[in-house]
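Using the sequences and the accompanying hints, generate a full structural model.
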Amino acid sequence: MLVVETIAKIRREHDRGKSIKAIMRDTGLSRNTIRKAIRAESAQFSYQRAPRPRPQLGAFAKQLDGFLEQNERAVKRDRLRLSRIHDLLQREGFAGSYDAVRRYAARWKVERRDGAAVDPGQLYIPLSFAPGEAYQFDWSHEDFEIAGAPMRVKVAHMRLCWSRMAFRRIYPRETQEMVFDAHTCGFAYFGGVPLRGIYDNMKTAVTTVFAGKDRAFNRRFLVMMDHHRIEPVACTPAAGWEKGQVENQVHNTRESLFKPRPRFASLEEANAWLLDESLRQANKQAHPDLAGMTVAQAFEQERGALRPLGTAFDGFFESDHVASSTCLVSFDRNRYSVMAKAGRMAVQVRAYATRIVVRCNDEVVAEHPRIFGRDQVTYDPWHYVPVLARKPGALRNGAPFMDWSLPPGLAALRKALGKGNDADRRFVRVLAQVPEEGLDAVEAAILEALKAGLCSDEVILNILSRRRRPVIVEPINVLTNLQLAHPPKANCGRYDQARGLDAAA
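Numbering-wise (numbering that gives the first Met the number 0), the sequence shown opens with residue 0 and increments by one.
The hints are simulated quantities; they were obtained by calculation from the structure and are not laboratory data. This one's a predicted model, so the numbers in the text were calculated from it and none came from an experiment. The reader is advised that the hints may include incorrect statements.
Straight-line C-alpha distance at most 27 Å; calculated BS3-like pairs for lysine-lysine [unchecked claim]: (1) K17 <-> K35; (2) K390 <-> K414; (3) K283 <-> K258; (4) K212 <-> K202; (5) K75 <-> K202; (6) K75 <-> K212; (7) K20 <-> K35; (8) K418 <-> K450; (9) K153 <-> K258; (10) K35 <-> K8; (11) K75 <-> K8; (12) K61 <-> K8; (13) K340 <-> K283; (14) K153 <-> K108; (15) K390 <-> K418; (16) K450 <-> K414; (17) K61 <-> K75; (18) K20 <-> K8; (19) K75 <-> K108; (20) K153 <-> K283.
See the structure below:
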């Protein structure tokens, strides 16, 4: 295409009487091009490509129109790719190339769009927020390599709407307790709490979607919102622009941080790296609305507008279970041990993001680090000590006692007693005293007996008995020099008078 300067020069020289042949020699352009420039209405004109014949596609144009119209009406999931349409046409005898189908589909879309009004649903209204007014929350699914194995992780994204400060945290699941933990960590990271939270209609927060903005929120989610005094706002379904900031954060994070696939030894290491990267980006990224200010600098101003943090929210998901006769509770396809007194009892499992707490009759009967695999078992050997006292033979082959790392005193006693049924029975007698006497007291008694060269359960139990002394009650301090205000008088004659009265009667 000729530039405006060249066209203007051709037109000036022609007006001054210079021939087309001379202009051709000076510019190196063809005669037709120079004539077109001279005849143009202005110094700016564009080349219009004439429609070219489509001999291969001509007989199949109507069929291709049908495919394209069907795609327009279908939902996004059911639409055919152009490569698939090309394949279907080839089965009907079409001998043309894929590019011919692609170019025809592009022209078809342009022709359909010409003269049509713009869909208001494709237009958006810019949103404005005050400092500390709102935040947006969303999840994304990313591919990581954790401990040498590929893992699909869930990333919680939180973003302050005014300063654009971003918080990200990685979790193995997208469950409700993870939502609670993400909010707790996010508010701690921001150093305060905004007034409103903007969410999509995720199942961990919204139970039912009604017409308009009416929602039935999850009960536990509302408890968390009330704890932080936050007003929850749910977006309209399929209206991602209502929380467009966090939607863009999800896309930008995936492109800038998660490609190529990150590799870490653990999720804790990955979260530490992600936190450092979030701070680095905040210090580097310019704020889109505040000229001359970075996101980190805007966040320092917004921090003062946030409400102060209160007490930490006890964010757990509770479910009812029954402990088995082997003192195990099944949760999330894994099993956790509980105290022996909770065996065969109804218990409540409180699942946190990183731990499991089991309660029975309002008493904590187990607490374990949470595991996220399948068909795994977590034992606490101390839970089985009361059962072991009645079945000491289980010490040798009991699953909870395999590779049990005993405290130093108990380990020394176990070694000194040796192996065998009698040795197991004697060791269990001492071990059974730990729930009643406490580990420190039993350890001290064992060390005292071993120091004296006595390796006997009877001696250790005797030491514990001697140390279990009754409480000495201090005597009352009675003053011996007390004096009565009206001391009694010694008068034995009163008895004689009484006898006389009796005789007279």
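Is the straight-line distance between the alpha-carbon of K61 and that of K75 27 Å or less? holds (23 Å)
Is it true that the CA of K418 sits at most 27 Å from the CA of K450? Since the Cα atoms of K418 and K450 sit roughly 21 Å apart, the hinted pair holds (cutoff 27 Å).
Take the C-alpha atoms of K61 and K8, compute the straight-line distance between them, and say whether it is at most 27 Å. Distance of about 48 Å is beyond 27 Å: violated.
Decide if the proposed pair is consistent with the structure: K17 and K35, CA atoms, cutoff 27 Å inclusive. Within the cut-off at roughly 16 Å; holds.
Satisfaction of hint between K108 and K75, Cα-Cα up to 27 Å: holds (16 Å)
For a C-alpha distance cap of 27 Å, please report whether K153 and K258 respect it. holds (15 Å)
Given the hinted pair K390 and K418, is their alpha-carbon gap at most 27 Å? It holds: about 16 Å lies between the C-alpha atoms, which stays within 27 Å.
If you draw a straight line from the CA of K212 to the CA of K202, is it 27 Å or shorter? Holds - the C-alpha atoms of K202 and K212 are around 16 Å apart, at most 27 Å.
Proposed proximity, K414 with K450 (alpha carbon, max 27 Å): Roughly 15 Å between the alpha carbons, so the hint for K450 and K414 holds.
Mind checking the alpha carbons of K75 and K202 for me, to see if they're no more than 27 Å apart? holds (23 Å)
Does the structure keep K390 and K414 at a Cα separation of 27 Å or less? holds (20 Å)
Taking only the CA atoms, is the gap from K75 to K212 under or equal to 27 Å? holds (25 Å)
Comparing the model with each numbered hint stated earlier shows that hints 11, 12, 13 and 14 do not hold.
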